[in-house]
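Below are the chains, spelled out letter by letter.
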Amino acid sequence: MSDALSTRYLEIQGVDQIFSTKKGDFQALKGINLAVAKGEFVALIGHSGCGKSTLLNLMAGLTRPSAGSLICANREISGPGPERAVVFQNHSLLPWLTCFENIYLGVERVFGQSALVDGKTRENKPQLKERTDQALALVGLSHAAQKRPGEISGGMKQRVGIARALAMEPQVLLLDEPFGALDALTRAKLQDELLAIVAKTSSTVVMVTHDVDEAVLLSDKIVMMTNGPAATIGEVLSVKLPRPRSRVALADDARYLQYRKAVIDFLYTRQAHVEKT
Amino acid sequence: MFLALLKEGLAKTVPPVLGLALLVGIWSLVAMGSTNNFPTPIETARQAIDVFSNPFYSNGPNDQGVGWNVLSSLKRVAMGFGLAALVGIPLGFVIGRFEFLSRMFNPLISLLRPVSPLAWLPIGLLVFKGANPAAIWTIFICSIWPMVINTAVGVQRVPQDYMNVARVLNLSEWKIITKILFPAVLPYMLTGVRLAVGTAWLVIVAAEMLTGGVGIGFWVWDEWNNLNVKNIIIAIFVIGIVGLLLEMALIKLATAFTYEEVKS
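The listed protein sequences derive, respectively, from chains V and E. Per this note's numbering, the first sequence starts with residue 1, numbered consecutively. Per this note's numbering, the second sequence starts with residue 1, numbered consecutively.
One thing to keep in mind: the hints can contain errors.
DSSO-like, lysine-lysine: derived pairs with alpha carbons at most 27 angstroms apart [to be verified]: (1) V:K261 <-> V:K221; (2) V:K129 <-> E:K230; (3) V:K261 <-> V:K240; (4) V:K147 <-> E:K12; (5) E:K175 <-> V:K125.
Because the hints were derived from the structure by calculation, they are not lab data.
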């Protein structure tokens, strides 16, 4: 793999996003340029409505940009696909399928059909089931395999959502405020689990969050966005904390506090006023 | 403990029993005050025992047991309703899935839906040249609308989250239909089915009064011609109970297929 590809694995070039509304055009994003290296963990942070999720949806290919281009592994992103797995804010599990079946649906699509995604070889049913079981074990939910989403807690649902995404062995993992709806303790637990999983799989991750601690704890790079409309990237902060990271040890680490302060300064001093549209 | 159970049991049984008692009371009063031989509840009950002791006799086409009459009506409902489901549910799916078809069919549905079912009967008689197919046609045309409309609404209301999952996983159209659309639409569809069966059961009585033959509606009309009011009242109860059983069975079916929605 060339060096250019590994440092600019996922690249966003001059992206604008304009939505047509009844009141006329609304420019959500303006002139976004960003490069994500392979294996890098990037957090997108900003105030509500600044277009973080809009940007993530563009990376997922769920929406197309009004201008500019998005490139992943040297290929233009032309639509959604399992190579860029998304963990949705509200987990989006199918309520009529068990946890196992929810994950299997994705696994079957990626590994059960020959050469459809990146020339991965076609696997048989036991192999697909094995993959699904492994994904469930990874998030510690083997015991809940045969339960329906309605029968498990919010934290467990979110873990199934993460397992579904990871089981597809995506090139990029896109997380849209994955822990936003959870209580603080569950959130901390899942953040630790995510850290461990990402370390194990060395995934490339882009995560939308509005939690400063979460951003500093998890990421290599924090992308801070200005307030909308016409939001853009205000500042990019490299977080050079050694891994593995421990939230307890970092709690009074001077560098950690410094990074934290830098993000808070940006969010609450320089971007404090949410402009009215 | 025992007393609490007893209390709960009473709280559950007393109101419905009182309701029935009220109905029988009013009926008795009407029967007593009536000058034209309106039967009392007791006379009717005796007659009912008589009628139900031999529900499946057959003395030619115009004199058959109540069981045969109910079964013939149910058969017509099943055929008309089945055809309506066969046409209505797929039609609802495509109307829900494609904006163009929705715009094309919505004015037609709005125009035809409020038409009284019996207005369709002459058309059926004209086209099919027979009483039985005409009755089935009437059931078909009046039970199709709830299924088309509810299925279409169900398809339009499939949460965008589920469709996004389908897009990210890049599922085939077949998988989208079987794993996402169909289960998501099923509760709406079953609501449509329930409304349709209810309507069909309402309509069959009226249709059979006009077309004749064997059937519970015809039986009511026949007993009116015989001035046998007791049997008419029995028929009313039978129609009510059969309708109730159909409704209950379909509600049971619907709850088995309803799942917790995603909370956003």
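Do the hints match the structure? See the list:
For the given pair, K261 of chain V sits about 15 angstroms from K221 of chain V by alpha-carbon distance, which is consistent with the 27 angstroms threshold. Pair hint K129 of chain V plus K230 of chain E does not hold up; C-alpha atoms about 65 angstroms apart against a cutoff of 27 angstroms. A hinted pair counts as satisfied when its Cα atoms are at most 27 angstroms apart, and K261 of chain V with K240 of chain V qualifies at roughly 15 angstroms. Straight-line distance between C-alpha atoms of K147 of chain V and K12 of chain E comes to about 34 angstroms, which puts the hinted pair past the 27 angstroms bound.
Taken as a hint, the K175 of chain E and K125 of chain V pair is honoured in the structure, with Cα atoms around 17 angstroms apart against an allowance of 27 angstroms.
The structure fails hints 2, 4 (numbered hints given earlier, in ascending order).
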